[in-house]
Amino acid sequence: MTGSLTATPADVETDEEFRARLRAFLTDHHPGKRPRDVVEGRAWHKAWLARLFDAGFAGPSFPREYGGMDLPFTRQVIYQEEYNRARVPGPQGTGLGIAAPTLVKYGTEEQKQQFLRPMIRGDKVWAQGYSEPEAGSDLPSLRTTARREGDSYVVDGQKVWNTHADYADILFTLVRTGTPESRQKGITYLLIDAHAPGVTVRPLRDITGGTHFSEIFFDAVRVPVANRIGEENEGWPLVRTSLGHERAAGAMNQAALYRRVVTELTALAKERGLTADPLVRDRLADFEVRVRIMRYTGMRVIADIVSRGEPGPASSTSRLFITTFEQDLHEFAVDMLGADGLLLRDDPRSVQRGRWVGGFLSTRASTIGAGTAEIQRNTIAEQVLGLPRDPAMPPR
Amino acid sequence: MTLTFTDEQEELRASVRRFLADKSPSEAVRRWMESEEGHDPAVWRQMAEQLGLQGLALPEEYGGAGYGPVELGIVLEEMGRALLPAPFLSSVALAGQALAVSGDDAAKQRWLPGIVDGTRTAALAVSEEGSSWTLEGVRTTATPKGEGWALEGTKTFVIDGGSADLLLVVARTDEGPALFAVEGADGVSRSPLTALDPTRRLAHVTLEAAPAVRVGPAGDQAGYLRDVLDLAIVALAAEQVGAAQACLDLSVEYAKIRVQFGRPIGSFQAIKHKCADMLLEVESAKSAVYNAASVAAERIAGAGEELPIAAALAGAYCSTTAVHAAKETVQIHGGIGYTWEHDAHLYLKRAKSSELLFGAPAAHRARLATLVGI
Amino acid sequence: MTVTIDADLGAPARELRAYLDSIVPGYRERWGRDSSFEATLAWQKLLAAGGWAAPSWPEWAGGRALGVLDRVACDAELARVDAPMMAGVLGLQNVGPALIMFGTDEQKASLPRILTGEEIWCQGFSEPGAGSDLAALSTRAVAEGDDFVVNGQKVWTSQGMQGTHMMLLVRTDPEAPKHKGISVLTVRLDSPGVERRPLRQLTGESEFAEVFFTDVRVPKTALLGPVNEGWRVTMATLGYERTGIINLASALQRDVESLVTGLTVEDPLLRDELTRRWMDARLTGLLGARALAALGEGGKPGAAQSVIKAVWSRTTAELGETLMAVAGEQALLAENPAAMRFLRSRASTIAAGTTEVMKNLLAEQVLGLPKS
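Chains as they are written, first to last, in my numbering: chain A, 1 to 396; chain B, 397 to 770; chain C, 771 to 1142.
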């Protein structure tokens, strides 16, 4: 494990000195505006991540030997605060947040050496291959198969809802190696080269009209056995690996982001003379309350981690709190703007380039992706409150 | 008061539903929403020629069938259910009814026959920047000029305002607001809006000394225009109810067939209660809209003093019902509901758009509060 | 506009109106707005004397065999004069119809006494272990010679303290599937072994009782309907008063409309909230009117009834909160009408089927979703 909870004695820099040094770097080397062109934008993004890495400011929670910063938890929080404050782009793809902790915890030394550094530096973009058309909320029913042939697995099947897969280099994928009925007991975790023969990535158009997700088709794709993380049929427990408590730091990030968004919405309301309306004031005040609670909850979780080493029950509710908040916020913004709120970004008369109506659409996914709100409520009811499990559900 | 339907009315509903299932299935809606025109002119003609829908609720003396808001509501409910992209709401329900209740024989004679047979379309321009669907917010002015009038101002969110042959424009005169007819391009510039709902065309209309004819009763038109706006709200509410019912049907159907954890997701209470809540709201919304249509019919017959109350009630309630139903439809469908290929988002966009076009629910409620003495 | 009935008043309602005109002044002079048991019993006797206690019962049973539209028209007349409840309402609306449909001649002999209020019937349904899942009831009746011996406990028994008789659901076959082993007994509440305690609600009032049965001997002749078919008997008679929920719906609408217009609310947020309640109440009334119109045309009530019940429950509960908010700090005073109303309204989403159970029913029986 990495990310000790207190600063090491060797670390002579104080927290505030660290903050100042990071802030100076992020200010001095700020990459500016992202190019409009998608391909140019990605290259620009890659260049920024490499610069960050080369200066020793990438992968705050990861071991130094693989290119990370190995920061104590309190410093990770500072790092996230400063990073967010600087408004610089975060990691590309979903590898660093989801796959890297798994790799650190369960990967072999060779795998860590091979994969972590290029991921943290942003040279390789990783995307997730979990959900399938028939395996959404019920992920353990997934059907993409991997058949062992000598030193390789041969993978066949289809994945869906893969964020950033259209330009990913490596797909961290769950495949079935057990019997079709084996559920959690027959799943293996494979790293698949997105450029390998037999891999087809097809962008998926979503309700915003954009393509933020893809479908991935595997047709007899050969994957070296060396790319398996953990043992065969033992991939399921790897899925929820998190490293240190970066999710808690992530929740703080969200709180900081929405602090800014609420302030911007309030400013917009003032600018349009809407704050005289008591109904608007009431709603804005409600969002102000909720965004502050979001921050306090994040701080409580961090305080729990620092003092007790574990996040308390508040951490389990923060995601549901944030997702419903962001849906309400964007919908209210559209309502507040009235018919003007309906104009999309391409319309010259749109308000703030249609960001609110765009958010109204895109946040519909917030209560669906990575566990629907309904599933989250079940999980909270059962795992936090200790309510009995639904007897009709398959065993966990 | 008509709260249930006669056999004849049910037959009308069935035939409109059959027609739309045949002529305007989802693939067609998607094809036409991406097109230049925004709707299928062939289907528009067939609606007029085979079913006579454009003239159904317009007076017989101008070629219509002489039915009223109740029958029109049935048709709009079915159109909302099918998300039909067509200038029906704008040309028939808004402009057509505005002319029909105008008491202005010359105007009716001049424009209703074309609306009835579908060869001409009309649009009703009310909203202006910063104000939705109220008379108080109208700043466009009308000044007498020669035989007629000249209009000056900007109208926005005009439904099908880009393509309509005739624009009916609410404008201010020295005697208060009044309705004006604008034909032709003289002094009129129209630009399309890129808005949330791809199945409905909206336009921004600028009037610069646009020549116009005054339409409607002589003298003070405040009461007449209030009726015109209320009839429009009732018509839109009928469409919203149809869309909400379609959302409920889609959700229930999917909840029965989508299997996760080895059983249909509709067997989970979390999903069941969502569907039951949608049912409660859809049924309540139907009560609101059937009542409103019935009161609107009484209003046209010279009574129906409760129209403002009934319209505000329907506008507020059906708007929120349709939006809630559409959001839940996306949610119940999960990932597939978030795709462009599934129809859930078309309902969501239509519902959200309709909710805000004729005044937000809170505005309807504020009016209602005053009307009922709260 | 009244949404309840705007059809012409039928002959029965006209007759009732005339009768009410003749009795209401005298009643008010004697009882005023008293809502005590004695007052409601006096009112029932007055209505019974004119043949108006249960006008939907068949004529041979002392009723007028009124159809649904006339029945609702008559209820509207009663509402018009703000008539009090009748003391024996459960006997009149629920038990009487069950006796009419399933009773023996001996059991039917109770009917005239139910009309006049000589017998006050209550229903022994809910138990501590059988609430939403009523069919899980465990009060046992064991056959012994010519009797059943009853042991168990009922709870939430309306008018349990004033009642003289009870329509009691008991388990007669513990081996059968839960719906198949239930029977209905008609029980005199003065039988030895019956103990009653008032149940105090969160409002502080006591409108219900707990009723305990310890070796209570009930003659086999008290069995209502066939043995082990008590569930069917109960279900068949629940639907008898099909207009009940429609009346509740229109009463809610009238209530809110008069209440709201009597309030002065300046705060725009409260105005908006109150307007929502006004809308909800109007829509509840309209749902009732729609259901009534469908009934008038020979339609089946079923689904619409459940929708109205669920909407009525929600509106009633939300109304309680809104009135509390309108009353502001005054609502913190004990006995404040808004506070009492708020507290009482908490029962609306629990009693006679919780909202959660209602939603399951709607999802399964109306929308056709699969069982859990």
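Heads up, a few of these hints could be off.
Dumping the calculated SDA-like pairs for lysine to any residue here, alpha-carbon to alpha-carbon at most 20 Å [to be verified]:
#1 A:K270 / B:G526
#2 B:K652 / A:P394
#3 B:K652 / A:E134
#4 C:K1141 / B:G526
#5 B:K652 / B:H669
#6 C:K1141 / B:G658
#7 A:K185 / B:H669
#8 C:K1141 / B:L646
#9 B:K652 / A:K270
#10 B:K652 / C:V912
#11 C:K1141 / A:M69
#12 B:K652 / C:S1142
#13 B:K652 / A:V39
#14 A:K124 / A:R21
#15 C:K990 / C:R1084
#16 A:K124 / A:M69
#17 C:K1141 / B:V655
#18 C:K1141 / A:K270
#19 C:K1141 / B:D673
#20 C:K948 / B:H669
#21 C:K1141 / A:P394
#22 C:K1141 / B:H669
Hints were generated in silico from the structure; no laboratory data involved.
Here is how each hint holds up against the structure:
Between A:K270 and B:G526 the alpha-carbon distance is near 14 Å, which keeps this suggested pair within the 20 Å criterion. A threshold of 20 Å between alpha carbons decides the hint, and for B:K652 with A:P394 the separation of about 19 Å falls inside it, so the pair holds. Distance check on the hinted pair: B:K652 and A:E134 sit about 14 Å apart at the alpha-carbon level, within 20 Å; holds. Taking the CA atoms of C:K1141 and B:G526, the gap is about 50 Å. The hint is violated against a cut of 20 Å.
The hinted pair formed by B:K652 and B:H669 meets the criterion: a straight-line CA distance of about 14 Å does not exceed 20 Å. At most 20 Å may separate the alpha-carbon atoms for a hinted pair to count; C:K1141 and B:G658 meet this at roughly 14 Å. As the CA atoms of A:K185 and B:H669 are separated by approximately 33 Å, the hinted pair breaks the 20 Å bound. Straight-line distance between C-alpha atoms of C:K1141 and B:L646 comes to about 19 Å, which keeps the hinted pair within the 20 Å bound.
Taking the CA atoms of B:K652 and A:K270, the gap is about 47 Å. The hint is violated against a cut of 20 Å. For the suggested pair B:K652 and C:V912, the alpha carbons sit about 44 Å apart, so the restraint of at most 20 Å is broken. With a CA separation close to 54 Å, the supplied pair C:K1141 and A:M69 exceeds the 20 Å bound. With a C-alpha separation of about 12 Å, the suggested pair B:K652 and C:S1142 falls inside the 20 Å cut-off, and the hint holds.
Only pairs whose Cα atoms come within 20 Å are accepted, and B:K652 paired with A:V39 is rejected, the gap being roughly 43 Å. A threshold of 20 Å between alpha carbons decides the hint, and for A:K124 with A:R21 the separation of about 27 Å lies outside it, so the pair is violated. Proposed proximity of C:K990 and C:R1084 is contradicted: the alpha carbons are some 42 Å apart, above 20 Å. Of the supplied pair hints, the one linking A:K124 and A:M69 holds, its CA atoms being roughly 19 Å apart against a limit of 20 Å.
The hinted pair formed by C:K1141 and B:V655 meets the criterion: a straight-line CA distance of about 14 Å does not exceed 20 Å. The suggested pairing of C:K1141 with A:K270 is violated, with an alpha-carbon distance near 51 Å, which exceeds 20 Å. With a C-alpha separation of about 17 Å, the suggested pair C:K1141 and B:D673 falls inside the 20 Å cut-off, and the hint holds. At most 20 Å may separate the alpha-carbon atoms for a hinted pair to count; C:K948 and B:H669 exceed this at roughly 25 Å.
About 17 Å separates the Cα atoms of C:K1141 and A:P394, which keeps this hinted pair within 20 Å; it holds. The suggested pairing of C:K1141 with B:H669 holds, with an alpha-carbon distance near 12 Å, which does not exceed 20 Å.
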